[in-house]
Amino acid sequence: MQYLLDEQQIEVKENAERLLKENINHQKLIEQVSNNLRIDEDLWKLIVEQGWLSLDVPEDQGGVGFSFTEQSILHEVLGYYLPIVPFLSS
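If you count the sequence shown from 1, position 69 lands on 69 in this note's numbering, and the numbers rise without skipping.
No lab work stands behind these hints: they were computed from the structure. Zero decoy hints are in this set.
Cut-off 16 Å, straight-line C-alpha distance, at most; resulting in silico cross-link-like pairs (EDC-like, lysine to aspartate or glutamate):
1) Lys21 / Glu76
2) Lys21 / Asp40
3) Lys28 / Asp40
4) Lys28 / Glu41
5) Lys45 / Glu22
6) Lys13 / Glu76
7) Lys28 / Asp42
8) Lys13 / Asp56
9) Lys21 / Asp42
Please model the entire structure based on the sequences and the hints provided.
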């Protein structure tokens, strides 16, 4: 069985990929890890501003109201780019 993403899910994926691609320099990432950096503050700020922490929170509670599927799509993109942010612990 083949599953296809709907327009909203594609938008979540593309926006996440764009933000991370534009804001992660792999050489800098290697240096940050080598220097035991625990969080990329600038990138974390962008992620918070984008509302990624409230994707699965219902709209009537101030969130985006997306499903587990959209959250999983975002996790997949985060796993690809491996940003130094505390996303899963938030």
